[in-house]
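Student: Just need the whole structure built from these sequences, with the hints factored in.
So the sequences go chain by chain: Z and R.
Here the first sequence is numbered in this note's numbering, starting from 1 and rising by one per residue.
Here the second sequence is numbered in this note's numbering, starting from 351 and rising by one per residue.
No wet-lab data here; the hints were simulated from the structure.
Hints are not guaranteed to be accurate.
Partial selection, computed: residues in chain R whose CB lies under 8 Å from chain Z [claimed, not checked]:
1. A612
2. E613
3. Q615
4. D616
5. F619
6. R620
7. Y622
8. G623
9. K626
10. N627
11. A628
12. H629
13. I630
14. L687
A virtual CB, placed ideally from N, CA and C, is assigned to each residue, including glycine.
Next come the chains, spelled out residue by residue.
There are 2 protein chains.
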Amino acid sequence: MKIDDLLEQPSEWLKGTGPQSEIVLSSRIRLARNLDHYPFSHWADKKQEEEVLEKVKKTFLTSPYLKGALFLKLGDLTSTDKQFLIERHLISREHAVNVDHKAVCMTPNEMISIMVNEEDHLRIQVLQSGFDLMEVWRVADTIDDSLSEHLTYAFSTNWGYLTCCPTNTGTGLRASVMLHLPALVMTKQINKVIQMITKLHLTARGFYGEGTQASGNLFQISNQVTLGHTEIEIIDNIERIIRQVIEYEQGARKTLMTQEKAELQDRIFRAYGTLKNAHIITSNETIDLISMVRLGVDMGLIKDLNRELLNELFIVTQPAHLQKLEGKTLSASQRDLKRATIIRGKLSKQ
Amino acid sequence: MKIDDLLEQPSEWLKGTGPQSEIVLSSRIRLARNLDHYPFSHWADKKQEEEVLEKVKKTFLTSPYLKGALFLKLGDLTSTDKQFLIERHLISREHAVNVDHKAVCMTPNEMISIMVNEEDHLRIQVLQSGFDLMEVWRVADTIDDSLSEHLTYAFSTNWGYLTCCPTNTGTGLRASVMLHLPALVMTKQINKVIQMITKLHLTARGFYGEGTQASGNLFQISNQVTLGHTEIEIIDNIERIIRQVIEYEQGARKTLMTQEKAELQDRIFRAYGTLKNAHIITSNETIDLISMVRLGVDMGLIKDLNRELLNELFIVTQPAHLQKLEGKTLSASQRDLKRATIIRGKLSKQ
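Tutor: Pasting the structure below:
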């Protein structure tokens, strides 16, 4: 398997399948783990980092759960490839800078990816379409158990798993879901919902994680607390709150349909018309327009379009995807042209 | 013939025929005339105004040039009908207020319309699609001659035709053309062109004449000077300058096509996509979008659309036209819905 093979398939988080996938794009579990007897990545010297890398690589290659996985040293990748992995949510933005001794291991279906020498020695991620954190947790837990048979984790009986940043200490668990909440944004209820979430010790982040803005009405909601509760308690809590958010979004969609149907149709079809006709379009505008069109499809207002195509458009119009499709580096304005051409082409075939 | 019959045909100024009709929508000649021995409309008392009205009505009804014409007293019209006549450029906005003793006489093809008791006793208008002021002037001159056989005009051998406002005295002539100048607007040359026009003693006005804003990139250019030159000199002068403006617009269109083709296509097709998909749309937005789409048709970028349909859309989406089509008064937001429905319907049949 090569990195370019991924281009042929939708990103796992955009497969559009799984429970409640009309609101929840994906469920993700991330476990932070560090090897005992090695300093955290930021404090380790080159030799130590290299040792960690080699040690975990050997373990990965023999793991039954990582059969056929791709192991990539970040230093060997072009900047387009690194951006490509970020766009597919396989590595973090942070992982793509200062890449010495950094690596990522991912299964061919992109469900499992493990970052090596990011903030922690290991960041085990399991990502799946739709809303099922508990199932995703079970997969992550199994892999974690399997790896721990060969690796000794830094663990304290008092504190649990030790991590570089104390906010991850304990379970080392981050459970998050990517939600599409256009109706809560349009009815201006989103801030109230985010305030509620925050009070309940969850965080809402933008599209590409920490420090990024919400675009396309996508919100990534995750737990803040990793210490003092079991993994099951943490996941139970976030699942319960997310179910509430889903109900709010469904309620807001109903309100829009009954009280502002014309305005809603107007926004949705204008977005659709723009996507089908633009000759120059930025990535941000694309994401925002796709959000509106997705809402139109979800609500049955747009009938001649399926969600799979929208998901495909969403991912192939990202900057690195465009450049890999084109097979060369493109300037921002070249990308805006290419993006519009691809979108028009795919939508005109509908 | 009834006023409602006009709904069935495109407005004369939107027929889209005649010389250089891809830039010049219409040519118009207006003659201001007053009857001798009667005070100007603003100074006349009710009895005098009524006398003028009756006198000219008799003359109109016997004129061979006004055969089958519709003679309408403004006081008998609903406000929708008055607005309808304004939208078709058959009466001025000023003519539709304080309507006592005001009238309009128009031929069934809408080429000739004569306002009675506007600022002057008579405002004879001849309007024709395309660019041919001289031909339009010949028609106006013939009608004027014919009417003057039965009416004695206020005329001074020193000053020429006497008018209420001194800016019309002399020939009483206003020659004007309606130009579509999107490329001069997009290349930001329009202000320079208007400055040049002004230096050459012409005025550029908006869509509905004096005091209105340019919308839809439409500019009405007319002479300021009515005194000290013959009609032929005045028309020769404006025709010469307009030919220059047409060349500038053609040059700007070429520049856009060679230097900014993608941006141009983007604007044009986005406008087309919005028109085809909006569910709520104001009259102003419609005019602006139609302007872009018209440019796309004129430049051969949009191939599946003819200019006649665009002209039809332009006029039937005006507020009074919409209400006459619907057969009832509509609020602004009802009109915005109805307008979008009509546009989508007509464009989806393409």
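Student: Tell me if the interface restraint on G623 (chain R) is satisfied: Cβ within less than 8 Å of some Cβ in chain Z.
Tutor: This hint holds: G623 (chain R) lies near chain Z, its Cβ roughly 3 Å from the closest one there, short of 8 Å.
Student: Classify the hint on D616 (chain R) as holds or violated, based on whether any CB of chain Z lies nearer than 8 Å to its CB.
Tutor: holds (4 Å)
Student: Classify the hint on K626 (chain R) as holds or violated, based on whether any CB of chain Z lies nearer than 8 Å to its CB.
Tutor: holds (6 Å)
Student: Less than 8 Å between beta-carbons is the criterion; does A612 (chain R) satisfy it with respect to chain Z?
Tutor: holds (6 Å)
Student: Was the hint right that Q615 (chain R) lines chain Z, CB cutoff 8 Å?
Tutor: holds (4 Å)
Student: Would the hint on Y622 (chain R) be counted as holding, given a Cβ-Cβ threshold of 8 Å to chain Z?
Tutor: Result: holds, 6 Å to nearest chain Z Cβ.
Student: Should the interface hint for E613 (chain R) be scored as holding, given a Cβ-Cβ cut-off of 8 Å against chain Z?
Tutor: holds (7 Å)
Student: Holds or violated: the hint that L687 (chain R) contacts chain Z, with Cβ atoms closer than 8 Å.
Tutor: holds (6 Å)
Student: Return the status of the interface hint for H629 (chain R): holds when the least beta-carbon distance to chain Z is below 8 Å, violated otherwise.
Tutor: holds (4 Å)
Student: Taking 8 Å as the limit, does the beta-carbon of A628 (chain R) come near enough to a beta-carbon in chain Z?
Tutor: holds (6 Å)
Student: Regarding the hint that F619 (chain R) lies at the interface with chain Z, is the smallest CB-CB distance below 8 Å?
Tutor: holds (4 Å)
Student: Per the CB criterion, is R620 (chain R) less than 8 Å away from chain Z?
Tutor: holds (6 Å)
Checked against the numbered hints given earlier, the structure satisfies every one of them.
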